[in-house]
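Work out the full structure: start from the sequences and follow the hints.
In order, the protein sequence lines correspond to chains A and B. Mapping to the numbering used here: the first sequence position 53 is 53, numbers consecutive. Mapping to the numbering used here: the second sequence position 242 is 242, numbers consecutive.
For the record, the hints were derived by calculation from the structure and aren't laboratory data. Keep in mind that the hints are not guaranteed to be accurate.
Chain copies aren't distinguished; within one or between two, either way the pair holds.
[Unchecked claim] In silico DSS-like cross-links for lysine-lysine, where the CA-CA straight-line distance does not exceed 25 Å:
1. Lys309 / Lys182
2. Lys263 / Lys317
3. Lys307 / Lys182
4. Lys231 / Lys263
Read off the chains here:
Protein chains: 2
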Amino acid sequence: MERYDEGMPFLLKYENVAWYQDGTVRILDRRVYPREVIFVECKSYKDVVKAIQDMVTQSAGPYTALGMGMALACYESRSLYKKERKNFIEKASIELGNARITTKERYSKITTRCYKIAVDAIDNDKDPVKLIMEDNIKSINRRYKTMIEVGKNLIDLIPENSSILTQCYGETIIGALISLLKKSNKKIKIYCAETRPFLQGARLTASCFSEEGFDTTILTDNMIAYAMENKLIDIFTSAADCITEDGGVVNKIGTLQIAQLAKLYDVKYFVTGIPDKGMKKLDDVKIEMKDPEEVLICNGIKHAGNKVKAIYPSFDKTPSNLVDKIVTDVGAYNPKDLCKYFENKGEINFY
Amino acid sequence: MERYDEGMPFLLKYENVAWYQDGTVRILDRRVYPREVIFVECKSYKDVVKAIQDMVTQSAGPYTALGMGMALACYESRSLYKKERKNFIEKASIELGNARITTKERYSKITTRCYKIAVDAIDNDKDPVKLIMEDNIKSINRRYKTMIEVGKNLIDLIPENSSILTQCYGETIIGALISLLKKSNKKIKIYCAETRPFLQGARLTASCFSEEGFDTTILTDNMIAYAMENKLIDIFTSAADCITEDGGVVNKIGTLQIAQLAKLYDVKYFVTGIPDKGMKKLDDVKIEMKDPEEVLICNGIKHAGNKVKAIYPSFDKTPSNLVDKIVTDVGAYNPKDLCKYFENKGEINFY
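Here is the structure:
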């Protein structure tokens, strides 16, 4: 089958995100990459749920891991009678779909589709694992292909010799951007906000760009105003974990304050992604609070005292007035005009 | 001799900052506290210069370490003839005074005074080590006593049941604030920005407050807007590495963007410290750039790839319009009225 990861960095190769084979889902442990290159091995779909909750993979990684987890659920249930097997797989689709609350709408699209494929396969005495894996590859291809379209629209907004600030690890759009920039020969300098607590910007985004030969500089999350004041940054761009119909953006904690600083320093903020139909208002999005212990730790070492607390909101909400363009697969929209996206697109089949 | 560190946390005890004894200066290694409690042992004043440059101690720690380093320089030169000995100690005063460029004005005040004491002692056949140590304790007492006055003026600005956000580790003012808050019985909740790259907020400030029983919560540096938007923070306060006569503030990298967010979210920003007479304008301050490698590391572990760069400005500059009050030993001033401080104070003898 055709694949869209050619010419992309290590992290974007399909098998290096998450992959099902012979009763095991292997997920690259993004919590330690590039310091260590290790894969977490999941022997049950519940292991996959836990890996997603534990941030073994993040950004678009879970989209791939979820499909692989559904293939694994079919494998796990191979000895059950049809009815019990379908129940087991349905349960898996619900648990995987709800692994993280803020993104459960997107997750559930994937797991529900896989469940339907499984039911159809079981009813027709076909192998659900095989059919789900075929769908998984189609789904990954579709996302990569779509994000290449998004990347093309983003590149159109980036002048020659710009400096771009990224936040966290936008995964597919990072891969798309790299492969398109390489083809375009546009000279671009990359600044990556390191993105505590898990440092995905410093470890993942910076690795992708630097591996592919880009001039790549890390900023700690508290250097953003300094960098903007000193004219190091021309454009801020991030992906989004949710783009609401009212033009709001839910993304990795820290995005909101970078967007606010960008506004203050006249730096453009371009959000990339596929808007979430049905998510009407930014206000309605619930922010997932994760284990605060992660904030007291860095690189696996606890540096804070024992009596100290922390909070760990995974995401924050950036209102539409701080966003210059929402860059989609069919064009770049002013956030206030996002309704046009849905008019233009009709039925969206992305995940 | 009377001392002002009673009732203060571990980090504020004089001997736990930096101390000279028997040919050695011991400096608490703040880069790893509280995870490890170790002291760097300096056998020469050059070791002290290096320790300050390597951030073994920071904030007000170097003020103490510099005086101790000068005592050590006197010890090191004990076998030299008077003239050579004075030259050696003068050289030490210059090198120690210039250990960090942004704060060299303050540093040089201490080392020059120690040098004069040493010359006087040598000319009068007295022991310069002993006299410098006496001056060191006087100087530390003076700073602690002065910062207790600053603390009193700060507390007057803090309503009951406030939540206070700190940045980095303000050292003496943190000790003063803690001891005064304990006496006042004012209920205060503390949020500490973790302050990458060295996490002084998470490790040092949070340890001081939590050790003394305060409700203490760490925020990663990218959670500030989230915390302010969710009304977790009432007041932002920081110390300053330099307060210029035009009301500008030079402080740990990250202060500028917190001050900007505070302005956006109507959170008051109170700067504590002794304004720097002679430092006319914020624009004239030179920001020290440190080894970028520190940004690619956290808790001693390198997490970034090998082809990735970084920048590491130690400080940033917050203009007076983002500061609500500059809180000094003789009162809280609007930044634009800072000239009144110098009129009120006359000759300043702080360091």
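Verification of the supplied hints:
For a Cα distance limit of 25 Å, the shortest separation of Lys309 from Lys182 across copies, 20 Å, qualifies, whereas the shortest one inside one copy, 45 Å, does not. With identical chains, the CA atoms of Lys263 and Lys317 are at most 25 Å apart both within one copy (15 Å) and between copies (19 Å). In this assembly of identical chains, the alpha carbons of Lys307 and Lys182 lie at most 25 Å apart only when taken from different copies (17 Å versus 49 Å within one copy). For the identical chains of this complex, Lys231 and Lys263 are neighbours both inside a copy (14 Å) and across copies (21 Å), given an alpha-carbon limit of 25 Å.
Consistency with the previously given hints is maintained throughout, with no hint failing.
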